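Asks: Following our numbering, the numbering of the sequence shown begins with 1 at its first residue and continues without gaps.
Pairwise CB distance ranges, derived in the manner of DEER restraints:
| hint | residue 1 | residue 2 | range |
| --- | --- | --- | --- |
| 1 | D245 | T198 | 23 to 29 Å |
| 2 | E27 | P118 | 24 to 30 Å |
| 3 | G19 | P152 | 19 to 25 Å |
| 4 | H96 | D117 | 25 to 31 Å |
| 5 | T28 | P152 | 31 to 37 Å |
| 6 | C202 | E134 | 32 to 38 Å |
| 7 | T129 | A185 | 51 to 57 Å |
| 8 | G189 | Q138 | 34 to 40 Å |
| 9 | I80 | D245 | 34 to 40 Å |
| 10 | D117 | A94 | 24 to 30 Å |
| 11 | T198 | D117 | 32 to 38 Å |
In short, the hints are calculated from the structure, not lab data.
Predicted model only: the values in this text are computed from it and were never measured.
Where is the CB? At the ideal position from N, CA and C, for every residue including glycine.
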Amino acid sequence: MATVSERSPDLVLLLVRRGYGSPRRLETLRAAVAERLAGETGFSGPVVLGFAELAVPSVSDALDMFADRGRMRVLVVDLIVPADMSLRGWLPGALHDWANRRGVALDIAFSDPVDGDPAFVSAVVSRITGGAAEDVRQSPATDSRPSWNDPPDHAVHLFACDGPRCAHRGSGVVWAAMLAALEEAGLRGKTAERVMVTRTRCLYPCNRGPVATLHPGGFWYAVPDAEAARRIAVEHLKNGRPVADLLFREGGR
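Kindly produce the complete structure, drawing on both the sequences and the hints.
Replies: Structure (structure tokens):
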């Protein structure tokens, strides 16, 4: 039987990036990797997903679930295609900082990117030479839906950053709390008072993350936790009073 490595990990984390509709397919992939790894190597540790952005759990969220197990060896397997070299340059140091803050004894290693593996290239070539493909003419045309002509009615457009650094700082939980608070405040219905929420990639003030910006008005908020999200929803978006201690820029100034 093959072995994972001379220093086998205790935990395997599959680093992925979300696309629309992908969580179920990614879970299928995770389960298949875990089953094959166990069958071929005898590995019995957890195999988990960690999203780089725009979904939960983030990498640090996923590791949080195992933080109380003492020292662990973690292998992060980079499945992002093409490899995001900026993310690979930043995330190891961020995880080091996270482990220090949490007092977690983790040995974390990154695999080489999957897109450099000859087996990956072979898989791409097999899609070209294998002959199995779907003719797009069998699908209904969708680019002319009347509902896509105009934006929905709304009073405020909230852009919620869910890029890699904000995800690492817990944006997934924060924005879930924001949506729940807006729903409770009656600001999520199809009315003129609606707050339209758009999850975005990086908005740039990463050191203040998770970050949100509201328009009109150009309000920039640092939203560190679920309680901060609730305050913005109730105090600013429901009652019209900006939350001064969370606000770091207004009107582009």
